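Novice: Each chain is listed here by its residues.
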Amino acid sequence: MNKSEKTALLQSAGAAEEIEGRSLWRDARIRLFRNKAAVGSMIILGIITLLAIFAPLLSPYAYDQIDWGYIQEGPNWENGHIFGTDGNGRDLFIRVLYGARVSLAVGLLATTVSLIIGVTYGAVAGYFGGKIDSIMMRFVDVLYSLPFMFFVIMLMVVFGRNIFLIFVALGAVEWLTMARIVRGQTLSLRRREFIEAAHATGVSNFKIIFRHIIPNVLGPVIVYMTLTIPQVILTESFLSFLGLGVQEPLTSWGVLISEGAKVIEASTWMLIYPAVFLALTLFCFNFIGDGLRDALDPKDR
Amino acid sequence: MSVMNKSAKKDASPILSVRDLKVHFPISSKGLFAPDRQLKAVDGVNFDLYPGETLGVVGESGCGKSTLGRAILQLIPPTDGQVAWLGKNIVGAPHRDMQPLRRDLQIIFQDPLASLNPRMTIGEIIAEPLVTHKPELGKEEIKARVKRMMARVGLLPQMINRYPHEFSGGQCQRIGIARAMILEPKLIVCDEPVSALDVSIQAQIVNLLQELQREFDLSLIFISHDLSIVRHICHRIMVLYLGNVAELADRDSIYAAPRHPYTKALISAVPIPDPEIERNKERIVLTGDLPSPLSPPSGCVFRTRCPFAKDKCAQEPPVLERVSDSQEVACHFHDSI
Chain H
1 MNKSEKTALL QSAGAAEEIE GRSLWRDARI RLFRNKAAVG SMIILGIITL LAIFAPLLSP
61 YAYDQIDWGY IQEGPNWENG HIFGTDGNGR DLFIRVLYGA RVSLAVGLLA TTVSLIIGVT
121 YGAVAGYFGG KIDSIMMRFV DVLYSLPFMF FVIMLMVVFG RNIFLIFVAL GAVEWLTMAR
181 IVRGQTLSLR RREFIEAAHA TGVSNFKIIF RHIIPNVLGP VIVYMTLTIP QVILTESFLS
241 FLGLGVQEPL TSWGVLISEG AKVIEASTWM LIYPAVFLAL TLFCFNFIGD GLRDALDPKD
301 R
Chain Z
302 MSVMNKSAKK DASPILSVRD LKVHFPISSK GLFAPDRQLK AVDGVNFDLY PGETLGVVGE
362 SGCGKSTLGR AILQLIPPTD GQVAWLGKNI VGAPHRDMQP LRRDLQIIFQ DPLASLNPRM
422 TIGEIIAEPL VTHKPELGKE EIKARVKRMM ARVGLLPQMI NRYPHEFSGG QCQRIGIARA
482 MILEPKLIVC DEPVSALDVS IQAQIVNLLQ ELQREFDLSL IFISHDLSIV RHICHRIMVL
542 YLGNVAELAD RDSIYAAPRH PYTKALISAV PIPDPEIERN KERIVLTGDL PSPLSPPSGC
602 VFRTRCPFAK DKCAQEPPVL ERVSDSQEVA CHFHDSI
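Protein sequences appear in the order of chains H and Z.
Here the numbering used here is used: the first residue of the first sequence is 1, the next is one more, and so on.
Here the numbering used here is used: the first residue of the second sequence is 302, the next is one more, and so on.
If we strip away everything but chain Z, and leave its shape as in the complex, we get (with noise of 0.2 Å):
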C-alpha cells in the first residue's frame, strides 16, 4: 500500500510546508492588571507533506493534534510561523485569497453526527461544498455528483432526502466523508475520525478512506491516539507532546526503533495480540501527567516523565535532529539511551 507513495514522494515537492508554526491561546488571567498568560497549544512545529502521503499525528490527550489541524485549515488563526500550500504562505491570508483554497482543504471530524447538521437533509450536507464553490452547476448536476459520490462512499444514493439522525454512526462518518470528498480535494485533515466508531466500523472507514485516497491522490493528516491504526493507514507519524514535535519518522522505522523516550513508551503501550509476548514484553511506563500548557517545563518538554532526564535537559530545549534518512528526532540523548 505505501510501497506506491514513498518511491512516489521523492522526487515530487511537498505540497504543505509548516514551518515553526505557534498557536498560542490567549488566558485572561483572575487580577484585573495581571497579564494574559500564553496557553501554548501548538510551539513550533515544523514538517513537510507529500501529494498522496498519509501523516500520522499521534499523541495523549491535549497535546495538540487538533489544534495543529485546524490551525493548517486556519480554522484557527496560527500566533506565528508558516503554513505554505503549494508553496504560498496562507498564514494570514485574507478570506478572499482564502476561499479558492478552500476547496483543496478538507476536514473529517471525529463526532460523526455532531458534524452534520440536524435540520439539513444528507443530500444538502454533501451538496453544501459544491452549492459554495461551484454554483454554476445547476440543481441537477450537482444532484447527479451527490448520488454518484453517495455511492462511492458506500451509502445507498435513494437515502439523499433522509436526515442525519436516521443513520448510524459509521454511516454518518461516511456522509462526513462524501461532504469532504465530493471537491475532490488534496488534502483532507481527518481530526480522530474513527475514535467514536466501534472497532469493525473503524476498519471500514479506514479502508474506505485508503481507496479514496488511492483513487483521488489524496494527502491525508490522520490525527489519532490509536497507534495500531496509524501503523495501518499512515506512512509517516510524527508524535506530539505538549505542543512539540518529539518524533518524526517513517512507519516502518519509528515502529521497529523508535529513537525518542516518549515514542518508546507509546510503543511499548500497543498490545500485541499474542498473549505469550505480551505477558513478556518490556514496558516503559511513564509516570505522571501531561504537565500544563500553561506553565511547561524548561528546556526540553517531555524531561519532567523523562526516566533519562539529565541537567543539560532542563536548559537548553532540543532541536529536532535528522538521525537516518527518514527519521527525525528531538531530544538531547537519543544516542545513548
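Next up, chain H with everything else stripped away, as it sits in the complex (with noise of 0.2 Å):
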C-alpha cells in the first residue's frame, strides 16, 4: 500500500465517529466515588448544607426570635424546640442552622479568596523564576511572620466588627500556603518539555500559565482546599469564642459552642448539638481530601 492510499484511508477512517478520550479528571472521578468514606462525607455535608439553605422552613421558630415560656430547656419534640432554647429562650436547632450557613459561607468564601490570590501568585513566582520569584517568595515569608490574632485585633480596632473583616483576615492569611504549594509545583513542571515546546511555538507567557501551569498543578490545589476549609471554619470558631467575630443575634458554631461551654453543667444540649455538627463537617471536609488525594494521585498510595 503506498502513502497516499494509506493515508486516504486514514482519513476515511476519520469520518467515523470521534472516540471519547478519558481523561485524568475523569479517571479520578471515578477513583473518588469509589471511595466510601469520601461518597459517604459527601452526602453527609450535602444534607447539612441542605438544611443550612432552607433554615427558615424547617424550623416555626426564627434565629432571634424568644419563646418566653422556653428559657434554657432541654430539647422537647413537642413544643418544637428539638434541641432546646438557649440561655435567652431562642430555638437551638435554627440557630444551630444559621451558624451553619455563617461557618460554612466563612469556609467557602475565605478558601475561595485564597485558592484564586494564592494560585495565581505562587504560579507566576514559580514561573518566572529568578529575582520576580525572590521578590515575590519573601513578601509572602514577612506576611507569615506576622502574628495571626495581632492582625486580627488591628483590623478591628480600625474597622470596627463586622463579618467581612473575618472573611478578609481568613483569605489574607490562608493564600500564603496556597501560594507556597504552588509555587513548588509549578517549578517542578516549567522545566517539562511539553512548557518548552509552548515556548518554542510562541505561545504567549499569560497562557502558558492558564493553560500548561495551573491545570497541572490543580490536584494538590484541591487537596489543599478541601483541608483549607476546615481549618477556616475551625479559625472562625476560634475567633468568635473569644469574641472577636460574628456580632449577636447572628451567630456561628464557634459563638453557639462557647455559649454551651459556659453552662456545660447545667445544660449540656447547648454544647453537644452545635459541637456535633462542627465536628461533622470537619470530619467530612477532611474524609473528601482523603480521598480526593488518592484519586488524583493513585501513585502515592
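Hints are computed from structural coordinates only; laboratory data are not their basis.
A hint or two may mislead.
Said to hold, decoys possible - Under the rule of at most 25 Å between Cα atoms (straight-line distance), these lysine-lysine pairs were calculated in the DSS-like manner:
| id | chain 1 | residue 1 | chain 2 | residue 2 |
| --- | --- | --- | --- | --- |
| 1 | Z | LYS389 | Z | LYS444 |
| 2 | Z | LYS565 | Z | LYS582 |
| 3 | Z | LYS613 | Z | LYS565 |
| 4 | H | LYS131 | H | LYS207 |
| 5 | H | LYS207 | Z | LYS565 |
| 6 | H | LYS207 | Z | LYS444 |
| 7 | Z | LYS611 | Z | LYS565 |
| 8 | H | LYS207 | Z | LYS435 |
| 9 | Z | LYS440 | Z | LYS389 |
As the list claims (entries may be wrong) - Computed beta-carbon distance windows for the label pairs:
| id | chain 1 | residue 1 | chain 2 | residue 2 | range |
| --- | --- | --- | --- | --- | --- |
| 10 | H | PHE139 | Z | ILE328 | 26 to 36 Å |
| 11 | Z | PRO576 | H | ILE30 | 49 to 59 Å |
| 12 | Z | HIS533 | H | ARG22 | 33 to 43 Å |
| 13 | Z | ALA504 | H | ILE132 | 38 to 48 Å |
| 14 | Z | HIS533 | H | THR112 | 50 to 60 Å |
| 15 | Z | ALA385 | H | ILE30 | 17 to 27 Å |
| 16 | Z | SER596 | H | ILE30 | 47 to 57 Å |
| 17 | Z | SER569 | H | ASP141 | 50 to 60 Å |
Claimed, not checked - Far from chain H, some chain Z residues (derived; all Cβ distances over 12 Å):
| id | residue |
| --- | --- |
| 18 | SER314 |
| 19 | SER318 |
| 20 | ASP337 |
| 21 | HIS526 |
| 22 | VAL571 |
| 23 | ARG623 |
Keep in mind that this is a model prediction, so the values were computed, not measured.
Each residue gets a CB set at the ideal place from its N, CA and C atoms; glycine is no exception.
Dock chain one against chain two, each of which comes alone in its own frame, and use the hints as you go.
Specialist: The following block contains the structure:
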C-alpha cells in the first residue's frame, strides 16, 4: 500500500465517530466515587448544606425569636424546640442551622479568596523564577511572620467588628500556604518539555501559566483546598469563641459552642448540638480531602 | 534519498547560518565573594544549514548537543555569536520580532510523553500552534487541519479527543511530530526523537520524518547519539565534543574517511551486523571520561583523551579547517594521523 492510499484510508477512517477520551479528571472522579468514606462524607455535607440553606422553612421559630415560656429548656419534640433553647429562650435548632450558614460561608469564601490569590501568585512566582520569585516569596515570608491574632485585633480596632473582616483576615492569611504549594509545583513543572514546546511555538507567558501550568498543579491545590475549609471554619469558631467573630443576634458554631461551654453542667445540649455539627463537618471535609488525594494521585498510595 | 538534496543544496543559499555560537551558564560558586564560574556548554560553533537538508549532530552525553539545538531556537539565550535565519540575525531579537519566526522553527523532544500536556486532549495539543499563530482560521477549520495532520503522521483522526496517557510511546512521538508540523515549518530541531523508543518504532518514526521532509522540503537538525540512525537519515554530520565542533562533513565522507581522532573512535564503535567483520575490525577505545565543561583542557579540548596528542595540542586550540570539498576538521595533525 503506498503512502497516499494509506493517508486516504486514515482520512476515511476519520469520518467515523470521534472517540471520547478519558481525561485524568474523569479517572480521578471514578476513583473518588469508589471511596466509601468520601462518598458518605459528601452526602452528609450535602445534607448539612441543604439544612443551612432551607433553615427558615424547617422550624416554626425564627433564629432571634425569644420564646418566653421555655428559657434554657432541654430538647423537647412536643413544643418544637427539638434541640432545646438557649439562655435567652431562642430555639437552638434554628440557631445551629444559622450558625452553619455563617461557618460554611466563611469556609467557602475565605478558601475561594485564598485559592484565587494563592494559585495565581504562586504560579507567577514559580514560573518566572529568579529574582521575581525571590522577591515575591520573601513578601510571603514577611506576611507569614505576622502574628495572626494581632492582625485580626488590629483590623477590629481600625474597622470595627464586622463579619466581612473575618473573610478578609482569613483569606489574607490562608493564601500564603497555597502560594507556596503552587510555587513548588510550578518550579518542577516549568522545566518539563511540554512547557518548552509551548515556548518554542510562541505561546505567551500568560497562556502558558493558565493553560499549561495551572491545570497541572490543580491536583494538590484541590486537596489542600478541602483541608483549608475546615481549618478556616475552625479559625472562625476560635475567633468567635474569643468574642472577635460574628455579632449577636447572628451566630456561628464557634459562638454557640462558646455559649454552651459556659453552661456545660446545667444544660449540656447547648454545647453538644453545635459541637456535633462542627465535628461532623470537619470530619467530612477531611475525609473528602483524603479521598481526593488518593483519587488524584493514584501512585501515591 | 539524499541525492536530490545534495544537488539542490549547493546552489541554494543557507536558511540557517550559525556563527561562533556560544552558550555559557554561570555556575554560582561556593564562596560569597568568589566570582561565578562559567560552564561552557556550547563554545563557538559554526555551520550552515540548507533547505531540505538534514544535519546530524552527534556526540556523547553532556557535549552540548541539546543546548545547541535550544540555543538555535532561542529557547536558551546564547551568550555570544550569531544565528542567522534567512540572513537575519535572531540572537537577542525582541519577543515581538521572534514571534512570527516561531512558525518556521519547531522542535521535537526526546521523551514523547513528557512533551505533551497530560491535561489536554491531543486535538488541543496539536491545535495549539494554529490557535497561537492563525487564530483567524476558526474552530472548524482548525479541527479539520488537525485531523488532516493526524492522518498524515499515521494517527487515527477519530482519536482527536483522547488524552496523551492513552497512547504508546511511538504514537506520542507522532503526536509531537504532528504538533511540530501543523504550521508547516521550515526547520525542525529533533532532539533525540527516537532515543526513548524501541528499535522497530524508531524505524517508523525516522521514516515518517523523512517522508515529511521530502513532502514539505523541511530542514532538520537531528540530534542523536545513535550513529546508525544518523547515517540513515542525515546528509551532513557534525561531531561535537565538549561544546566544540570536532568534525563537520558529508555523511559519506565521514563514515568512509573520518579525519578527526574522536570521529575515528566513534565510527569504529558502531557495531557491524556481521560477526565475522565485527570480530576482526580494529576498534579505537578511548580512555578516560569527558572532562568537566567547567574547566575544559587548554588548547584542543580533546587532547586529554587523544592517542595522538602532542605539545602543540595543549598550547593552541585547533580551528575548523576545510580538508576537502565536503569535510571540515578541527585537528592540528589531521594530515599525519
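Novice: Next, verify each hint and record whether it holds.
Specialist: Status of each hint after checking the structure:
1. For the proposed pair LYS389/Z and LYS444/Z, the alpha carbon gap of about 34 Å is over 25 Å, so the pair is violated.
2. Proposed proximity of LYS565/Z and LYS582/Z is supported: the alpha carbons are some 13 Å apart, at most 25 Å.
3. For a cut-off of 25 Å, the pair hint linking LYS613/Z to LYS565/Z stands: about 20 Å separates their Cα positions.
4. At most 25 Å may separate the alpha-carbon atoms for a hinted pair to count; LYS131/H and LYS207/H meet this at roughly 21 Å.
5. For the given pair, LYS207/H sits about 48 Å from LYS565/Z by alpha-carbon distance, which is inconsistent with the 25 Å threshold.
6. Straight-line distance between C-alpha atoms of LYS207/H and LYS444/Z comes to about 20 Å, which keeps the hinted pair within the 25 Å bound.
7. Using a Cα cut-off of 25 Å, the hinted pair LYS611/Z and LYS565/Z holds, with the two alpha carbons roughly 18 Å apart.
8. With a CA separation close to 15 Å, the supplied pair LYS207/H and LYS435/Z stays within the 25 Å bound.
9. Distance hint between LYS440/Z and LYS389/Z is unfulfilled; the C-alpha atoms sit about 34 Å from each other, more than 25 Å.
10. Our hint of 26 to 36 Å for PHE139/H and ILE328/Z holds, since their Cβ atoms are close to 28 Å apart.
11. Here the CB-CB span from PRO576/Z to ILE30/H is close to 53 Å, well matched to the stated 49 to 59 Å.
12. At roughly 37 Å, the beta-carbon separation of HIS533/Z and ARG22/H lies within the given 33 to 43 Å, and the hint holds.
13. Between ALA504/Z and ILE132/H the beta carbon distance is about 46 Å. The supplied range of 38 to 48 Å therefore holds.
14. For the hinted restraint 50 to 60 Å between HIS533/Z and THR112/H, the CB-CB distance of approximately 57 Å keeps it satisfied.
15. Between ALA385/Z and ILE30/H the beta carbon distance is about 53 Å. The supplied range of 17 to 27 Å is therefore violated.
16. At about 55 Å, the CB distance of SER596/Z to ILE30/H agrees with the hint of 47 to 57 Å.
17. Taking the beta carbon of each, SER569/Z and ASP141/H are about 58 Å apart, inside 50 to 60 Å as hinted.
18. Residue placement check: SER314/Z keeps its beta carbon more than 12 Å from all beta carbons of chain H (closest about 25 Å).
19. Every Cβ of chain H is farther than 12 Å from the Cβ of SER318/Z; the closest lies at roughly 20 Å, confirming the non-interface assignment.
20. Distance check on ASP337/Z: its Cβ is at least 14 Å (rounded) from any Cβ of chain H, clearing the 12 Å threshold; non-interface status holds.
21. Even its closest Cβ contact with chain H, about 18 Å, leaves HIS526/Z beyond 12 Å, as expected for a residue assigned away from the interface.
22. At roughly 28 Å, the least C-beta separation between VAL571/Z and chain H is larger than 12 Å, which holds for a residue marked as non-interface.
23. Every CB of chain H is more than 12 Å from the CB of ARG623/Z (nearest about 33 Å), matching its label as outside the interface.
Taken one by one, the earlier hints fail for this structure at numbers 1, 5, 9 and 15, listed in ascending order.
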